[in-house]
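S.K.: What follows is each chain in one-letter form.
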Amino acid sequence: MTGLSEILSFNILLPLFLSMAFGIFVGAIPGLTATMAVALIIPITYYMRPLAGLAMVLGVSFTAIFAGDIPATFLRIPGTPASGAATLDGFELSKKGKGALALTLDLLCSAFGGLIGVILLILIAPPLANFALKFTHFEYFWLGIFGLSMAAVLSKGNTIRGLTSAILGLLISTIGIDVTTGYPRFTFGVIELMDGVSFIPAMIGLFGLSEVLKRVQFGLQALKVPAIRETTKLRFIEALREVWKNKFTVLRSSLIGTFIGALPGAGADIAAWVAYGAEKNISGDAQIGKGSTKGVIAPTSANNAAIGGTWIPALVFGVPGDSITAIVLGAMLMYGLRPGPMIFTESRQLVNQLFIIAIVIQLLLIPVGWIGIKAFSLFLKLQTSIVMTAVVVFSVIGSYALRNSFFDIYVMIAFGIIGYALEKLAIPLPPMILGLILGRMIEDNLRIGLIKTKGNFLPFITRPISLTILVLTILVLIGPQLFSVIFKRKSS
Amino acid sequence: MSGSPSRATILRGEKMSDTILGVFLIVLAIFVLISSSSFPNLVVRGEKLPGPKYFPSLLSILMILLGVFYIVSSTLKFKKREKNQIEKSSKGQVSPLLVVLASSILFVPVIQLVGTTVGVIAITFSMMVFFRVKWYYSAVVSVALALLIRLVFEVLFKVPLPEGTLIPL
Chain L
7 MTGLSEILSF NILLPLFLSM AFGIFVGAIP GLTATMAVAL IIPITYYMRP LAGLAMVLGV
67 SFTAIFAGDI PATFLRIPGT PASGAATLDG FELSKKGKGA LALTLDLLCS AFGGLIGVIL
127 LILIAPPLAN FALKFTHFEY FWLGIFGLSM AAVLSKGNTI RGLTSAILGL LISTIGIDVT
187 TGYPRFTFGV IELMDGVSFI PAMIGLFGLS EVLKRVQFGL QALKVPAIRE TTKLRFIEAL
247 REVWKNKFTV LRSSLIGTFI GALPGAGADI AAWVAYGAEK NISGDAQIGK GSTKGVIAPT
307 SANNAAIGGT WIPALVFGVP GDSITAIVLG AMLMYGLRPG PMIFTESRQL VNQLFIIAIV
367 IQLLLIPVGW IGIKAFSLFL KLQTSIVMTA VVVFSVIGSY ALRNSFFDIY VMIAFGIIGY
427 ALEKLAIPLP PMILGLILGR MIEDNLRIGL IKTKGNFLPF ITRPISLTIL VLTILVLIGP
487 QLFSVIFKRK SS
Chain X
-10 MSGSPSRATI LRGEKMSDTI LGVFLIVLAI FVLISSSSFP NLVVRGEKLP GPKYFPSLLS
50 ILMILLGVFY IVSSTLKFKK REKNQIEKSS KGQVSPLLVV LASSILFVPV IQLVGTTVGV
110 IAITFSMMVF FRVKWYYSAV VSVALALLIR LVFEVLFKVP LPEGTLIPL
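Keeping their order, the protein sequence lines are chains L and X. Throughout the first sequence, residue numbering follows the numbering used here, covering 7 to 498 in sequence. Throughout the second sequence, residue numbering follows the numbering used here, covering -10 to 158 in sequence.
Hints should not be assumed to be uniformly reliable.
[What the hints assert, rightly or not] For each label pair, taking beta carbons as the anchor points, the in silico distance ranges come out as:
hint : chain 1 : residue 1 : chain 2 : residue 2 : range
1    : L       : Gly290    : X       : Ala128    : 48 to 58 Å
2    : X       : Val132    : L       : Thr193    : 39 to 49 Å
3    : L       : Phe350    : X       : Ile50     : 22 to 32 Å
[Claimed, not checked] Pairs of lysine to aspartate or glutamate residues, derived as DMTMM-like cross-links and limited to a Cα-Cα distance of at most 20 Å, are as follows:
hint : chain 1 : residue 1 : chain 2 : residue 2
4    : X       : Lys37     : L       : Asp450
5    : L       : Lys140    : L       : Asp450
6    : L       : Lys102    : L       : Glu244
7    : L       : Lys101    : L       : Glu429
8    : L       : Lys458    : X       : Glu36
9    : L       : Lys460    : X       : Glu36
10   : L       : Lys380    : L       : Glu244
11   : L       : Lys102    : L       : Asp291
Calculated from the structure, these hints are not laboratory results. Glycine residues also receive a C-beta, built at the ideal position from the N, C-alpha and C atoms.
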């Protein structure tokens, strides 16, 4: 009880609330990631007690992931990489004048998804983390391919075009120094490309600048209207009804999100894409991708649930689930805590308090998120031309800010043009982003696996977990066509 | 709107875009294959293992296959796609698009010369005036944007923004 009263004290709740406001602010600004938000808050928490400091870190990470969905819905610019999947249907709904509904759903599902993720973290942390540790290069290779196959399925009605986009993304990911041999590939003497194409500027260009280019191509008259023409009064009753109607989608996506989050290296961004693809396959909703509420519910439930998932291997084995938990592990060591199995015995009370704080955050997320949406929507009441100008400025400065690099601005512009051209050729952009994220993981695991087996591909398909993921991948790719053929035969 | 394009025009446009895409993929794949041919092999104890060229070459083969698929499919058959999936870009104007691109590209030399604050004010003011926003409104918004950027990035997050050689702001 003393633990609970300590959590509910002013000393914990005030910093928690402030950190959540900070998370909303950073997450909603394109170019500033949730990882960056956590990294920026760590120095502030340095002089605090471990509980207050870790509460702030938790608060920032959950809210920043949610806040990334706000510009994703209004502007098709994901605030954080984890919001990539949420741009699709959120923005389509926004175009139909249902942006407020999309954001309310987003807010509720982020809270519900986060809550489910935290409950799963509390209940099944040890066995799930144990399972994730069984993954080797062979399994990680198929996990990446599975993610890409999802991306192809996500493409609006054309898997081939989705695959084309994914392959282009994979190709871009090969730019930079080859990890195995140290040989620079496709850098053409440009030093800035040695580390590869920076992901954040690429994403800002593909989703931000290309959208501005798309909007301005129709002339100046189209820029005179407000960026959003609907009221942003949040529609809680309607959204709650929608959530209840799609309760299994929330549950399923949260489970997927937690599981993916628990796999080291696969964070909230991949979780959101996988949940989105799974929903498209399972529900068979043809409107997904064109403005479906299911398309908002699935990724937003999954990305917040994934945060709970990332804490599973981090807490139990000291292995970070993603870049955020990698920073958090560093912070825990800074506080004198040793993440790993012993933390459950040595600092059991602290762990339990962190679990309770994670639950409190999900409850606080709704009022804090509501304020965030209101603040951001005021900005969007302005004329489209002003908003588009601001988007260009924030895209430029946001691309620069991550590494203080002018080169990244040019990367962003190049990807803006690429995105614009690809959309002209009816090539979807999201699979390219996923190819870019998963490229290194797929290539490294494929090559290391082949080096281990001296070029023999057989272990990639004979190991039980590998085989299971392979079968799942095939099902994802040909399942929809197979089901439609079966249903057609049945109906005829 | 002087009337929507005919079905034949739309299909011709789509066939053309598939052909362009196919040719682009094949040319890119050939470029990747040629570039990666100079990458070293990975040989360990006399055994040739998957080296730096392995994955790009694999992707190139897939791109060639896809390129051939697009060219063949655009040549052999008309696709049954809905009209509304085709973007009617022919009605668009090129100049605003070029202005956005030029402004983005000019950002770097301008802020290197006059600093972030003045650079942001100059570029955003010019863009908004071009977009026919009233000049005094453009002036207020551009100053507000520049101050917001300074507040968010430099004051709050301690991200150093570039200073100009002429104006160190």
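S.K.: Decide, hint by hint, whether the structure agrees.
M.R.: Hints and how they fare:
At roughly 53 Å, the beta carbons of L/Gly290 and X/Ala128 sit within the given window of 48 to 58 Å. X/Val132 and L/Thr193 have their C-beta atoms about 40 Å apart, which keeps the hinted 39 to 49 Å range intact. Taken as a hint, the range 22 to 32 Å is violated for the pair L/Phe350 and X/Ile50, whose Cβ atoms sit roughly 50 Å apart. Under the criterion of a C-alpha separation no larger than 20 Å, the hint pairing X/Lys37 with L/Asp450 is consistent with the structure, at around 17 Å.
Distance check on the hinted pair: L/Lys140 and L/Asp450 sit about 18 Å apart at the alpha-carbon level, within 20 Å; holds. Straight-line distance between C-alpha atoms of L/Lys102 and L/Glu244 comes to about 16 Å, which keeps the hinted pair within the 20 Å bound. Under the criterion of a C-alpha separation no larger than 20 Å, the hint pairing L/Lys101 with L/Glu429 is consistent with the structure, at around 17 Å. With a C-alpha separation of about 12 Å, the suggested pairing of L/Lys458 with X/Glu36 holds against the 20 Å cut-off.
For a cut-off of 20 Å, the pair hint linking L/Lys460 to X/Glu36 stands: about 8 Å separates their Cα positions. The hinted pair formed by L/Lys380 and L/Glu244 meets the criterion: a straight-line CA distance of about 18 Å does not exceed 20 Å. About 18 Å separates the Cα atoms of L/Lys102 and L/Asp291, which keeps this hinted pair within 20 Å; it holds.
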